[in-house]
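2 protein chains.
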Amino acid sequence: MPEIYLDNSATTRPYPEVVDFTGKVAGQSYGNPSSMHEKGLEAERFSEEARRQVALFFGGKEKEIIFTSGGTESNNLAIKGAALRNRRRGSHLITSQVEHPSVLNCFRFLEEEAGFAVTYLPVNEQGLIDPEELREAAGPETILVSIMHVNNEIGTIQPLEKIGPLLKKNNPNLLFHVDAVQSFARLPIKVKNWQADMVSCSSHKVHGPRGTGSLWVKEGTLLQPLFHGGGQEYEMRPGTENVSAIAGFGMAARITGENQGQKAEALKNTKLHFYRKLMESGIEAYVNGPEPEESACHIINLSFPGLPSEMLLHSLEAKGVYASAGSACHSRKPEPSHILQALGLKKDRLDSALRFSFSCYNNERDAEEAARITAETVKELHRIVK
Amino acid sequence: MPEIYLDNSATTRPYPEVVDFTGKVAGQSYGNPSSMHEKGLEAERFSEEARRQVALFFGGKEKEIIFTSGGTESNNLAIKGAALRNRRRGSHLITSQVEHPSVLNCFRFLEEEAGFAVTYLPVNEQGLIDPEELREAAGPETILVSIMHVNNEIGTIQPLEKIGPLLKKNNPNLLFHVDAVQSFARLPIKVKNWQADMVSCSSHKVHGPRGTGSLWVKEGTLLQPLFHGGGQEYEMRPGTENVSAIAGFGMAARITGENQGQKAEALKNTKLHFYRKLMESGIEAYVNGPEPEESACHIINLSFPGLPSEMLLHSLEAKGVYASAGSACHSRKPEPSHILQALGLKKDRLDSALRFSFSCYNNERDAEEAARITAETVKELHRIVK
Chain G
107 MPEIYLDNSA TTRPYPEVVD FTGKVAGQSY GNPSSMHEKG LEAERFSEEA RRQVALFFGG
167 KEKEIIFTSG GTESNNLAIK GAALRNRRRG SHLITSQVEH PSVLNCFRFL EEEAGFAVTY
227 LPVNEQGLID PEELREAAGP ETILVSIMHV NNEIGTIQPL EKIGPLLKKN NPNLLFHVDA
287 VQSFARLPIK VKNWQADMVS CSSHKVHGPR GTGSLWVKEG TLLQPLFHGG GQEYEMRPGT
347 ENVSAIAGFG MAARITGENQ GQKAEALKNT KLHFYRKLME SGIEAYVNGP EPEESACHII
407 NLSFPGLPSE MLLHSLEAKG VYASAGSACH SRKPEPSHIL QALGLKKDRL DSALRFSFSC
467 YNNERDAEEA ARITAETVKE LHRIVK
Chain C
107 MPEIYLDNSA TTRPYPEVVD FTGKVAGQSY GNPSSMHEKG LEAERFSEEA RRQVALFFGG
167 KEKEIIFTSG GTESNNLAIK GAALRNRRRG SHLITSQVEH PSVLNCFRFL EEEAGFAVTY
227 LPVNEQGLID PEELREAAGP ETILVSIMHV NNEIGTIQPL EKIGPLLKKN NPNLLFHVDA
287 VQSFARLPIK VKNWQADMVS CSSHKVHGPR GTGSLWVKEG TLLQPLFHGG GQEYEMRPGT
347 ENVSAIAGFG MAARITGENQ GQKAEALKNT KLHFYRKLME SGIEAYVNGP EPEESACHII
407 NLSFPGLPSE MLLHSLEAKG VYASAGSACH SRKPEPSHIL QALGLKKDRL DSALRFSFSC
467 YNNERDAEEA ARITAETVKE LHRIVK
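As given, the protein sequences belong to chains G and C, one line each in that order. Count the first sequence with this note's numbering and you get residues 107 to 492, in order. Count the second sequence with this note's numbering and you get residues 107 to 492, in order.
Think of the hints as simulated: they come from the structure by calculation, not from any bench. A hint or two may mislead.
Using 35 Å as the maximum straight-line C-alpha spacing, the simulated DSBU-like pairs for lysine-lysine come out as follows [stated by the list, open to error]: (1) G:369 x G:383; (2) C:485 x C:453; (3) C:167 x C:425; (4) G:130 x C:425; (5) C:130 x G:169; (6) C:130 x G:130; (7) G:369 x C:167; (8) C:452 x C:425; (9) C:130 x G:374; (10) G:169 x C:425; (11) C:274 x C:383; (12) G:383 x G:452; (13) C:425 x C:485; (14) C:383 x C:369; (15) C:169 x G:425; (16) C:130 x C:274; (17) C:383 x C:324; (18) G:268 x G:324; (19) C:274 x C:169; (20) C:130 x G:425; (21) G:130 x C:274; (22) G:130 x C:453; (23) C:374 x G:130.
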């Protein structure tokens, strides 16, 4: 049986050299970077090298990188940290209806428990927000806008180069946060063009260790920390640094980011090959969100009307193809995806959606095999369900 | 040159089998536990086994264990989470003056930014709080008390078996949190006798991976989460689980906890051997905090009047002995320790204090060698300083 892992938006297989490196740092350089002796400094050199590597994606200033425990923490630190720290300047916040739960639930918290007003922007059928609508929603009271770069379920790429300048033109004091967990090291992160103030990333989405990630915070941006404690991470994120995972994250980011354009092209080709082969099979399937050529290189979301997502997911799994029904981050809640709902999809599309997400570990043959197995399984299930 | 690592209260060397296991889980079981397919379930089995192992220290209920990114996060979740969630019941909090910065700075935040009143209990020369004073400080308005088990700088063991029942007798609704980062798996954690509601632990203090830890939360205790996001960790701590580190933490806790009594005895003997050999050398040195026989098995804090801590630290380091000047968690701030200040020590004692903290990787020969090198270095430095 093949094992074709197409759930790379949930998590990726770490590079073997990253696993080795992480283990070596863990076993040998076990000092606490806050310790003043050589064992501490040795550990610190690894986290500082990683900081340098991650900073390169954001213009190169090491002190603008805060290491966290992952994407969820980065999003929480950015959104709650910026809103709570800057509440004297205004109480209005803006985000979209298709953000990750770690973004949306921060805004819900700020709305329900902290007295903020939140605008949740709708999206069109492709999952895109309308920059004009965003411009109209933003006023002098708006202190924070958070818009993701690449959607985790349908791969929509938001036009951040339009959005950022539009926002800042009207209100230069407003803070702009971007959840780039799905795009970091895979697509260019243009913080200058986006006029972004904060960008969230996760290590395990780019073949790095779980348990770490980063928040890029533009120099001078004020946040209320989530944690209080020692002075680590410029007093923005106290706690003993997860040095070995951070070191592995730096390495994974560097490897993933090398020849970014070529790699993105190859990933897109793999995805498109899967899609074309699947459609050639004659089964009934519909793309949710943007056309596969338009969406991020590694994500495609498809509905197979008449077949419940979970049934298809488990049937595919039994044949060695791992996909996702809704985002992994819903933690097994069998609810229809809020993202697909925001697209205005009808029930039969919502209930039968699967996400296939690719990585460099999937080649064209995997894509073809996965398409063949998926088509075969869809046909089998239709016979059973009927 | 020997390498004698005596900074085990800052962080410990991970067990080689834990490093191997963590790497194996990272490389092979890379699924996201929230994914509904077998790769996700495979990962989840590792985190659930770790949950079972950690829960055994607290009475065995898996659902009472929340995995976090470490001790700092556990303390923040417990203290800010309990205070903010229960503020309708009262606004008074109690802690001691000798807590870890990740505890103290949570209370300072709650005091300065969230409208709570905080009592910071003083300690005696041994670093002990007075249970009677605590009883008097606690009133019907008190909703949370946080007292550490073992002090991280001087090894004082607080009389939690007296404190907890005393608190609960007067006010059964009050929540009692214990920072057990220094004692977990080394000393018995008697949550029932302590009448505790929450206990914080850290993995890297018990020879486990950095970047994880846990908060034991007694069933029914309500907290406001630090993070908002997916539904992970019973909705108390969203974010993709750091599965490999969690798996390693479970294993490290199990190994450290095996034959706990015997190991604590051996550790104490190593520490006492170091202390006796040092004192036999005729140098001037004073124990800070409790007598070495009375303090936690692995910690001793000594002052060498006339020799600045940092000078002695670096001279020892040059000879392969790694100690600590103040807690590592101050992240290199050259301030006198707030813990030693709370003991009422004079300036010459404050300025010349070093902590030596032991682990199972230190044997009696190391202790003797470290004592010899320390004595020799103290004598040399006294010649230079004069």
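Quiz prompt | Those earlier numbered hints the structure runs against, lowest number first | solution = Checked against the structure, the hints that fail are numbers 3, 7, 11, 16, 17, 21 and 22, while the rest are satisfied.
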